[in-house]
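Please build the complete structure, drawing on both the sequences and the hints.
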Amino acid sequence: MELICPAGTPSSLRTAVDAGADAVYCGFRNETNARNFPGLNFSPEELAEGVTYAHRRGAKVLVAINTFPRAGAIGLWHQAVDDAVKAGAAALILCDIGLMAYTAEHYPGTRLHVSVQAAAANVDAIRFYVERFNAKRVVLPRVLSVPEIAAITRGTACEVEVFVFGGLCVMAEGRCSLSSYATGLSPNMNGVCSPASHVAYEEQHGTITSRLGGFTINKFGSGEPAAYPTLCKGRFRTDLSTGYIFEDPVSLDAATLLPGLRDAGVTALKIEGRQRSRAYIENVVRSFREALSALDEGRPIPAGMLRPLSEGQSNTLGAYRKTWR
Amino acid sequence: MKLTLGPVLYNWEPSVWRDFYFRIADEAPVDIVCVGEVVCSKRLPFFQDLVPEVVERLAAAGKEVLLSSQALITLERERRQTASLAREADLLVEANDVTALAHLVGRPHAVGPYVNVYNESTLAWLAGNGARRVCLPPELPASSIAALAKACSDVQLEVWSFGRVPLAISARCYHARLHKLTKDNCQFVCGKDPDGLPTDTLDGQAFLSVNGVQTLSSTYANLIGSLPDLAAMGVAACRLSPQTCDMIAVAGAFRGVADGMLDPAEGQHALDLICAEASFSNGFFSGTAGAHHTAAAAV
Amino acid sequence: MTPSHTSTAAFPAFVSAALRPLPLGPLQLFLSAVLRRIVRHHPRIFDRLGAHAGKRYGLAPSDLPFAFVLHTAPHAPRIVVVRSLPERLDARIAGPLRALIGMADGSFDGDALFFSRTIAVEGNIEAVLALRNAVDDAGVDVLREGAAVLGPLGQFGEALMRHQRNRSTADRPGSTASGSGEASSWN
Chain A
1 MELICPAGTP SSLRTAVDAG ADAVYCGFRN ETNARNFPGL NFSPEELAEG
51 VTYAHRRGAK VLVAINTFPR AGAIGLWHQA VDDAVKAGAA ALILCDIGLM
101 AYTAEHYPGT RLHVSVQAAA ANVDAIRFYV ERFNAKRVVL PRVLSVPEIA
151 AITRGTACEV EVFVFGGLCV MAEGRCSLSS YATGLSPNMN GVCSPASHVA
201 YEEQHGTITS RLGGFTINKF GSGEPAAYPT LCKGRFRTDL STGYIFEDPV
251 SLDAATLLPG LRDAGVTALK IEGRQRSRAY IENVVRSFRE ALSALDEGRP
301 IPAGMLRPLS EGQSNTLGAY RKTWR
Chain B
326 MKLTLGPVLY NWEPSVWRDF YFRIADEAPV DIVCVGEVVC SKRLPFFQDL
376 VPEVVERLAA AGKEVLLSSQ ALITLERERR QTASLAREAD LLVEANDVTA
426 LAHLVGRPHA VGPYVNVYNE STLAWLAGNG ARRVCLPPEL PASSIAALAK
476 ACSDVQLEVW SFGRVPLAIS ARCYHARLHK LTKDNCQFVC GKDPDGLPTD
526 TLDGQAFLSV NGVQTLSSTY ANLIGSLPDL AAMGVAACRL SPQTCDMIAV
576 AGAFRGVADG MLDPAEGQHA LDLICAEASF SNGFFSGTAG AHHTAAAAV
Chain C
625 MTPSHTSTAA FPAFVSAALR PLPLGPLQLF LSAVLRRIVR HHPRIFDRLG
675 AHAGKRYGLA PSDLPFAFVL HTAPHAPRIV VVRSLPERLD ARIAGPLRAL
725 IGMADGSFDG DALFFSRTIA VEGNIEAVLA LRNAVDDAGV DVLREGAAVL
775 GPLGQFGEAL MRHQRNRSTA DRPGSTASGS GEASSWN
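One line per chain: the protein sequences are A, B and C, in this order.
Residue 325, in my numbering, is where the first sequence stops; the numbers in between run on with no holes.
Residue 624, in my numbering, is where the second sequence stops; the numbers in between run on with no holes.
Residue 811, in my numbering, is where the third sequence stops; the numbers in between run on with no holes.
Any given hint could turn out to be false.
Unchecked claim - Restraint-style ranges between C-beta atoms, simulated for each label pair:
1. B:Q530 <-> A:H55: 46 to 54 Å
2. C:R702 <-> A:P302: 40 to 48 Å
3. B:P553 <-> A:G223: 49 to 57 Å
4. B:V430 <-> A:P259: 46 to 54 Å
5. B:A531 <-> A:P259: 45 to 53 Å
6. C:S656 <-> B:A620: 20 to 28 Å
7. A:G298 <-> C:A783: 40 to 48 Å
8. A:P302 <-> C:F780: 32 to 40 Å
9. B:Q530 <-> C:R702: 38 to 46 Å
10. B:A620 <-> A:G75: 47 to 55 Å
What the hints assert, rightly or not - Covered by chain A, according to a simulated footprint, are these stretches of chain B (three or more residues, beta-carbon under 8 Å):
11. 370 to 383
12. 415 to 424
13. 440 to 452
14. 471 to 484
15. 550 to 557
16. 602 to 614
What the hints assert, rightly or not - Below 25 Å or equal to it, Euclidean Cα-Cα: the simulated BS3-like pairs (lysine-lysine) are:
17. A:K322 <-> B:K367
18. A:K60 <-> A:K86
19. A:K60 <-> A:K136
20. B:K367 <-> B:K508
21. A:K136 <-> A:K86
22. B:K505 <-> B:K367
23. B:K475 <-> A:K322
24. A:K219 <-> B:K505
25. B:K505 <-> A:K322
26. B:K517 <-> B:K367
27. B:K517 <-> B:K505
28. B:K475 <-> B:K327
If you're looking for bench data, these hints aren't it; they were derived computationally from the structure.
Source: prediction; values computed, not measured.
Beta carbons: idealized from backbone N, C-alpha and C, even for Gly.
Quick look at the structure:
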């Protein structure tokens, strides 16, 4: 199984390659990708340098252009596709139907990967992208159990990539407007979720209150692990109970599921976290490279090593385990 | 300007569901009515047998009926249902996921608000694939709606104009989770909240509304004040999403404004009375936070 | 096995107490020189800061009796040592000095430090992220730059600081450090 690793900056790209990534994915420094965060991402020149660095060490670079182009401004997204191909991207990770059509028409030789943002959650949806746009790989949304993933790989010739570590979308990706409901900015349109520009932390007597767009998303007592003010991992109040209605602030860690994912026919394993630091990339990539070696050699896979890097300092198997639902 | 009544998104008692559509057929000044289960396939068996008589009654009343497909399809059973709906239906099918689109290639169909149509390139591709009507994603701002309407004249564009805004869909059922049940043994507890389960912030501010695997806004979207703008952009229809308030009266208010019988302020006043419990929003349309509401959406 | 980040090695209280009466003037001169070196070696930082170049950040080491104001003006960046942070700042970042330095040189992950409540941030969070990401990309080795300014004495101090950090790494169960040295640290 290939190990696909995030890079938010040129340094992170080099760190990921050096730590054992088979491929690194990254995006341009604008709203054409879903980690459009301040201080992150690549200029076309930086991307070309990154590709050269990766190629010298036998790794590939995939470029995520995984937001939905804005009506009246599609040129920016077309430019991103052109620049990525020119820089030598091994594949483009896309979610928008119109942009896939553009890419398939203008660059039929470039590999097209269906982004998780396209939320292709079953073989019919995957078939649609394969037949219409010659997609070579699909990144599965984080809504499926391992047996369901196995059924999908049996039902399609398309390569399947799944997330194994990092921030966990609780909602089907690419179909969530929670962020824009509170802030006006969304993953689909702006490449940001719960954007920092709309976040406020207030500390009083050791309790941190996090707000997003003026809505209180969470309160952390002193000493309690904190989390991003991501809407789906906030505490809310209903008549039935108060707390994490949608999901606790946890990260996905599917290291222990690697044998199952391999047997399910998964081609590639994806690590989330283009917004994270080099220290995160270094540790997570190295840890999964080690886990894959253990898998190949039939040794037990160490578990829970990366918990300190995780949101809320805890991990979950998410939808891979059916009871999560 | 046509009015479309979207599918009922909540788990209503089958008899309530049927009677609702019967009343719509008999009394509501809407042109198009969507019928089907968009949110959770487990609910469908309860009212499936009632669909033919509801469709018949609506058609007899002169309504155009669309059959809406499910928004998130992960189970084998759901995939088969979607395939048979898309392949066998006599009526226009509204695809709410690419899964349904895959079966509708080359045949006339509608595209629902859960398919990501954000730009003219995607819209043109879908039109070429057979889309005749497209209900745009609710988070689109007026600027995008205007650009889309301008770019594509051979597709009837529809805009989410009334009702709680669907914000997210998940594999996880939050109703079951809140009742400490598993999804497989959910006991259909979402039926306890026919207008969604109010979900507030820790400070007690109304925020979201849970509907099984779907999360909606606490506010009702309300673009009645912007109907003249929508018409001027070339938007063909407004979608009214069923809530437990008097939807016939809601449709009447929209009809009145769309036809120029009421001015937008009068229409707004009528809605204030009809949905006294609701707070309204039009922030998505205005290009700000979706939860915001401005009296006359400045575009 | 989860390491407790809340106990991130702080300077012992006596060190902090010993530093309290010191005049800030020499430290100010030293830090200004360090900043000049950093800017010279990492010109891309300001490019990455983008619209946030020019913001004023308060950096408050929770284990030291003084704090810093970093003004990220692209042509004339400044760092000022203060006894306490002024009110008017774009953002504040507070935490043990070692955590702040470790974020700059890429040993520590800022998010993890935040999750564990080791650091606290306030103010314009976007500006904080921009700084964090820009500095992380540059990989600013604060200790080395500082040592270079101080000369031979500095190299001794650098070695001492690194030794102390590595020792704190080894103390932590569940560390992902797998013998890869500095960069793996405790998260």
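- prompt: Looking at the structure, which of the earlier hints fail to hold?
  reply: Checked against the structure, the hints that fail are numbers 4, 6, 10, 11, 15, 23, while the rest are satisfied.
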